[in-house]
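Peer 1: Sequence lines, in order, name chains G and A. Be aware that the first sequence starts at 1, since it is given in UniProt numbering, and climbs by one per residue. Be aware that the second sequence starts at 1, since it is given in UniProt numbering, and climbs by one per residue.
In short, the hints are calculated from the structure, not lab data. A couple of the hints might just be wrong.
Intra- or inter-copy, both count: the list cannot distinguish identical chains.
[To be verified] Simulated pairs of lysine to any residue, SDA-like, Cα-Cα distance not exceeding 20 Å:
#1 Lys-303 x Gly-244
#2 Lys-304 x Leu-285
#3 Lys-186 x Glu-120
#4 Lys-304 x Glu-281
#5 Lys-104 x Glu-74
Protein chains: 2
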Amino acid sequence: MSVSEPEADHPQNPIRFGILGCARIAHKFCRAISLLPSGTATISCISSRSLDKARQFATSARLLSSAKLLSPYEALLEDTSVDAVYIPLPTSQHVTWAVASAAKGKHVLIEKPVALCVEEVERILEACEKNGVLFMDGSTWQHHPRTAEMRRLIDDPNRIGQLRLIHTSCSFLATPEFLQNDIRVKPDLDSLGALGDLGWYCIGSILWATNYNLPRTVVASPCLSLNSSGVILSCSASLYWDNGLVATLNCSFLSHVSMDLSVHGSKGTLLVRDLTIPYREDAALFEVISGAHFAELHIGWTKKPEEVVVETPLPQEALMVLEFVKEVKLVWDKKSEPNLKWADTSRKTQMVLDAVKRSIDQNFEPVYL
Amino acid sequence: MSVSEPEADHPQNPIRFGILGCARIAHKFCRAISLLPSGTATISCISSRSLDKARQFATSARLLSSAKLLSPYEALLEDTSVDAVYIPLPTSQHVTWAVASAAKGKHVLIEKPVALCVEEVERILEACEKNGVLFMDGSTWQHHPRTAEMRRLIDDPNRIGQLRLIHTSCSFLATPEFLQNDIRVKPDLDSLGALGDLGWYCIGSILWATNYNLPRTVVASPCLSLNSSGVILSCSASLYWDNGLVATLNCSFLSHVSMDLSVHGSKGTLLVRDLTIPYREDAALFEVISGAHFAELHIGWTKKPEEVVVETPLPQEALMVLEFVKEVKLVWDKKSEPNLKWADTSRKTQMVLDAVKRSIDQNFEPVYL
Numbered sequence: 001m002s003v004s005e006p007e008a009d010h011p012q013n014p015i016r017f018g019i020l021g022c023a024r025i026a027h028k029f030c031r032a033i034s035l036l037p038s039g040t041a042t043i044s045c046i047s048s049r050s051l052d053k054a055r056q057f058a059t060s061a062r063l064l065s066s067a068k069l070l071s072p073y074e075a076l077l078e079d080t081s082v083d084a085v086y087i088p089l090p091t092s093q094h095v096t097w098a099v100a101s102a103a104k105g106k107h108v109l110i111e112k113p114v115a116l117c118v119e120e121v122e123r124i125l126e127a128c129e130k131n132g133v134l135f136m137d138g139s140t141w142q143h144h145p146r147t148a149e150m151r152r153l154i155d156d157p158n159r160i161g162q163l164r165l166i167h168t169s170c171s172f173l174a175t176p177e178f179l180q181n182d183i184r185v186k187p188d189l190d191s192l193g194a195l196g197d198l199g200w201y202c203i204g205s206i207l208w209a210t211n212y213n214l215p216r217t218v219v220a221s222p223c224l225s226l227n228s229s230g231v232i233l234s235c236s237a238s239l240y241w242d243n244g245l246v247a248t249l250n251c252s253f254l255s256h257v258s259m260d261l262s263v264h265g266s267k268g269t270l271l272v273r274d275l276t277i278p279y280r281e282d283a284a285l286f287e288v289i290s291g292a293h294f295a296e297l298h299i300g301w302t303k304k305p306e307e308v309v310v311e312t313p314l315p316q317e318a319l320m321v322l323e324f325v326k327e328v329k330l331v332w333d334k335k336s337e338p339n340l341k342w343a344d345t346s347r348k349t350q351m352v353l354d355a356v357k358r359s360i361d362q363n364f365e366p367v368y369l
Numbered sequence: 001m002s003v004s005e006p007e008a009d010h011p012q013n014p015i016r017f018g019i020l021g022c023a024r025i026a027h028k029f030c031r032a033i034s035l036l037p038s039g040t041a042t043i044s045c046i047s048s049r050s051l052d053k054a055r056q057f058a059t060s061a062r063l064l065s066s067a068k069l070l071s072p073y074e075a076l077l078e079d080t081s082v083d084a085v086y087i088p089l090p091t092s093q094h095v096t097w098a099v100a101s102a103a104k105g106k107h108v109l110i111e112k113p114v115a116l117c118v119e120e121v122e123r124i125l126e127a128c129e130k131n132g133v134l135f136m137d138g139s140t141w142q143h144h145p146r147t148a149e150m151r152r153l154i155d156d157p158n159r160i161g162q163l164r165l166i167h168t169s170c171s172f173l174a175t176p177e178f179l180q181n182d183i184r185v186k187p188d189l190d191s192l193g194a195l196g197d198l199g200w201y202c203i204g205s206i207l208w209a210t211n212y213n214l215p216r217t218v219v220a221s222p223c224l225s226l227n228s229s230g231v232i233l234s235c236s237a238s239l240y241w242d243n244g245l246v247a248t249l250n251c252s253f254l255s256h257v258s259m260d261l262s263v264h265g266s267k268g269t270l271l272v273r274d275l276t277i278p279y280r281e282d283a284a285l286f287e288v289i290s291g292a293h294f295a296e297l298h299i300g301w302t303k304k305p306e307e308v309v310v311e312t313p314l315p316q317e318a319l320m321v322l323e324f325v326k327e328v329k330l331v332w333d334k335k336s337e338p339n340l341k342w343a344d345t346s347r348k349t350q351m352v353l354d355a356v357k358r359s360i361d362q363n364f365e366p367v368y369l
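Full structure from sequences and hints, please.
Peer 2: Structure below.
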């Protein structure tokens, strides 16, 4: 370690991220870091399969003067100026590089879907736990203050009440170029396709609404679109709980952009239209209605949904990094073991995702968890 | 016929309705008639199982001085001052009285669900066709100008595009008193329960969105609530079309009030929250978004849904009666046979409703149409 390098593992120092793979979404991550208060986090290293690609990325992200460029990925893991890795690699490579990162004592922030199956997730989480590093997946919406406000309403026994129905839809209309060339339609890179990319959000938000109670039964619908390599372009599924709760999810590369979450309970309903990527960055809204009835003679309702606007000082991806940094600093400060909260949500999300995939593979038969 | 009675079957005369059964919803019908331009329609007769009940109803509806009170129902069917019947009787009695009304040459406006099964619907429709009378069910939302505006957008190839996903939820939280005593939870009166009362709207709106293309497959979900008599209090189902369209429906007496319809297509999405009973009477809105994408770096959307507000000069139930009157007058004027449009929508709605019921009865197996 050179004398000019800041001492790692000290609560006062910024967390130094290394980026493993120069995917397009890594630009969003770089921007998030740049929006944080000075001294929170830095990008110390960028690695790619080729140095040229790392240089191109760093140039475009204006990090050429501040970040080390490294290739191959192993070089980044050996670098002592990296406290944590951000992994936006194709899903099929997640388990290898997340486990290797943890083994080198790097905290792990990884894009979703976390892996191709829950067994891979378990391997990643075991490596993180064994090496005392934090794990978090890149579900940025969980870090928006809107999500906290919706959580508060769902948990308030007088607002939504017992959950009855959750509906989610997450989709965008992929271009012909995407359907031909994107990583997310390649069987060797992201074999879960739309289920992994968008279904992760659907399942994650359903589980979030239930406070991560797993459903008993998962059934995929026979309306399924696969590409010629068998990658899912569009699918839907229903989840059932023993208490009568039903959740439906739809994820698709073949439908106009949607990011809906509707939570219907005995006492109220909560609605959001832009859950995973809010329409705008500075504020996001949801609708809530509680205790409404039909007016006399059923000629209207006694009340309408109210719009709740939640402002945010930083975009959700920056808040995610802030949360990650906060948790890492608790570990540095020896105040706690790495928080397992995010590991738990990722594991459960992948378990349900696996169940949908299994139902698809088993001719749409119910799968019991 | 007394000399003071207006001559029936003349295009210039108002349509004279007889009410068969004094259900609470008949008050809404009476109010609708009272809101129509003078000379459009009148309520000439009110019948109930007892004259006392008819009198109570007429008093409360301020029709005591203008409407004849009759009992039993047969008396109303014999009355020559009745051109058309409005039938808000319990569903189990629909087939008997709708067929009898048609046989007496009365046009038929009947509350939903039309019947307990499609065979009963066919008997009603055959009787209407044989006797040259109009048939319409009481799905008032179909007559709101908002519905026409949404139809226009769905049919515009550039706004919603190919349909991918339709989601509907129709529910209200029934009181303990309702769950004990309401007609809609009694096996001998309305054995379809929430599926008949609210599922009718879900299925009707799904079929409406598809321009009444029937699904290939119908599967009820195993999350089902029945009362101790086996009447459905809550159920959900998925419908599948060969072209990949999926629709989900949820109907419940056990969930906060909802009347959602979301139509997701390849090019856009249409959303409405108060489909069957708008929040207010004078105007109703829906949201539509077409051609949206994620903004650069996926930090927002290129556009937000726009709200479309559709004003209406009359509440939808009054517009329904206007439409009924218009069609009857075309028949009177010998300009056409009774329009079969509404018969067709009712028949198809009941076909899908039957399929959901059959799937429930067959242990949630898929039912093929």
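Peer 1: For every hint, state whether the structure bears it out.
Peer 2: Hints versus structure:
no., hint, verdict
1, Lys-303 x Gly-244, "neither (27 Å within a copy, 37 Å between copies)"
2, Lys-304 x Leu-285, "both (15 Å within a copy, 12 Å between copies)"
3, Lys-186 x Glu-120, "within (19 Å within a copy, 52 Å between copies)"
4, Lys-304 x Glu-281, "between (26 Å within a copy, 13 Å between copies)"
5, Lys-104 x Glu-74, "within (10 Å within a copy, 88 Å between copies)"
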